[in-house]
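Peer 1: Order-wise, the sequence lines are chains A and B.
Heads up: the first sequence is residues 1 to 97, going by UniProt numbering.
Heads up: the second sequence is residues 1 to 97, going by UniProt numbering.
A portion of the hints provided could be inaccurate.
Repeated chains share a single entry, so a pair holds when one copy, or any two copies, can fit it.
Stated by the list, open to error - Under the rule of at most 20 Å between Cα atoms (straight-line distance), these lysine to any residue pairs were calculated in the SDA-like manner:
id	residue 1	residue 2
1	Lys30	Tyr64
2	Lys30	Ile94
3	Lys33	Glu55
4	Lys5	Ile94
5	Lys27	Thr66
6	Lys24	Glu52
7	Lys89	Ser36
8	Lys33	His74
9	Lys33	Glu52
10	Lys27	Phe61
11	Lys27	Ala14
12	Lys27	Tyr64
13	Lys33	Phe61
14	Lys24	Asp75
15	Lys30	Glu59
16	Lys30	Phe61
17	Lys33	Glu8
18	Lys89	Gly20
19	Lys5	Thr46
20	Lys33	Glu10
21	Lys30	Leu11
22	Lys30	Leu15
23	Lys33	Val45
24	Lys90	Glu52
25	Lys24	Ile94
26	Lys89	His74
The hints are simulated quantities; they were obtained by calculation from the structure and are not laboratory data.
Note that the coordinates shown come from a computational prediction; the quantities given were computed from them, not determined experimentally.
Protein chains: 2
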Amino acid sequence: MAGYKLSETELQQALNSLPGWQIKEGKLYKEYKFNSFATALGWMVTVGVHAEIMEHHPEWFNVYSTVWVNLVTHDNGNAISNLDIELAKKMEEIYSS
Amino acid sequence: MAGYKLSETELQQALNSLPGWQIKEGKLYKEYKFNSFATALGWMVTVGVHAEIMEHHPEWFNVYSTVWVNLVTHDNGNAISNLDIELAKKMEEIYSS
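Just chain A, with the same shape it has in the complex (with noise of 0.2 Å):
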């Protein structure tokens, strides 16, 4: 799934709703802190079902009890799309249920 890319604004305005997300080397990223392993695994695994359905799937880096996030639309010319907005929202979901 390519998406469209997000204009500035359009970008700002998402980063207003979506709390600890920041733009870092062109990247949506967020640092995810859960009380254990088996926890941030679990939210992997819940995330993983969702971005198999989008058919768009994060970069992600686990030690431990801490999971650090990357998103960025491959297909189109990496940059920051709105399937990046979608997937970082349904994370926040998942995350606060």
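Keeping the supplied structure of chain A fixed, place chain B upon it in accordance with the hints.
Peer 2: Below, chain B without anything else, positioned relative to chain A:
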């Protein structure tokens, strides 16, 4: 779990039985390729269950169908221990099953 630090000889012997694994920046490293994101994540979950049982966890980075793994024992002065070898062997076993 702290495990025990491996001697140079023990480490070399262990590496001989771990195809594709190498020492990289003081950690036991391997790049795993899968045929899909779902297969990669499924492998991570199965490995994760064993990591919990062992009380010893990997550092891993996933992008779509690739997982880069680093194993090191933080409780043991950031050295490679018998626990890292044990976890690597478990990863191989699950990967080839």
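Peer 1: Measure nothing new, just compare the shortest in-copy and cross-copy C-alpha distances for lysine 30 and leucine 11 to 20 Å and report within, between, both or neither.
Peer 2: within (15 Å within a copy, 36 Å between copies)
Peer 1: With identical chains, the pair lysine 30 and phenylalanine 61 could be close in the same copy or across copies; at 20 Å between alpha carbons, which is it: within, between, both, or neither?
Peer 2: Cα proximity of lysine 30 and phenylalanine 61: in one copy and across copies (11 Å, 15 Å).
Peer 1: I want to check one pair: lysine 30 and glutamate 59. Are their C-alpha atoms no more than 20 Å apart within a copy, between two copies, both, or neither?
Peer 2: So lysine 30 and glutamate 59 pass the 20 Å test inside a copy (11 Å) and across (17 Å) alike.
Peer 1: Given identical chains, is lysine 33 near glutamate 52, meaning Cα to Cα at most 20 Å, within a copy, between copies, both, or neither?
Peer 2: between (23 Å within a copy, 18 Å between copies)
Peer 1: Given a CA cutoff of 20 Å, do lysine 89 and histidine 74 count as a within-copy pair, a between-copy pair, both, or neither?
Peer 2: Within one copy only: 19 Å inside, 33 Å across.
Peer 1: Is the C-alpha distance from lysine 27 to alanine 14 at most 20 Å within one copy, between copies, in both cases, or in neither?
Peer 2: Classified as within; 14 Å inside a copy, 38 Å across copies.
Peer 1: Could you figure out if lysine 33 and glutamate 10 sit no more than 20 Å apart (CA to CA) within one copy, between two copies, both or neither?
Peer 2: Intra 27 Å, inter 36 Å, cutoff 20 Å: neither.
Peer 1: Regarding lysine 33 and glutamate 55, is the shortest C-alpha distance of 20 Å or less found within a copy, between copies, in both, or in neither?
Peer 2: Intra 25 Å, inter 19 Å, cutoff 20 Å: inter-copy only.
Peer 1: Measure nothing new, just compare the shortest in-copy and cross-copy C-alpha distances for lysine 89 and glycine 20 to 20 Å and report within, between, both or neither.
Peer 2: Classified as within: same-chain Cα gap 12 Å, cross-chain 37 Å, threshold 20 Å.
Peer 1: Treating 20 Å as the Cα threshold, decide for lysine 30 and tyrosine 64: within, between, both or neither.
Peer 2: both (16 Å within a copy, 18 Å between copies)
Peer 1: Reference check for the pair lysine 24 and isoleucine 94, CA-CA at most 20 Å: within, between, both, or neither?
Peer 2: This pair counts as neither: shortest intra-copy Cα distance 23 Å, inter-copy 35 Å.
Peer 1: With identical chains, the pair lysine 90 and glutamate 52 could be close in the same copy or across copies; at 20 Å between alpha carbons, which is it: within, between, both, or neither?
Peer 2: Only inside one copy: lysine 90 and glutamate 52 sit 12 Å apart there, 26 Å across copies, limit 20 Å.
Going through the hint list in order, the structure does not satisfy hints 4, 6, 7, 17, 19, 20 and 25.
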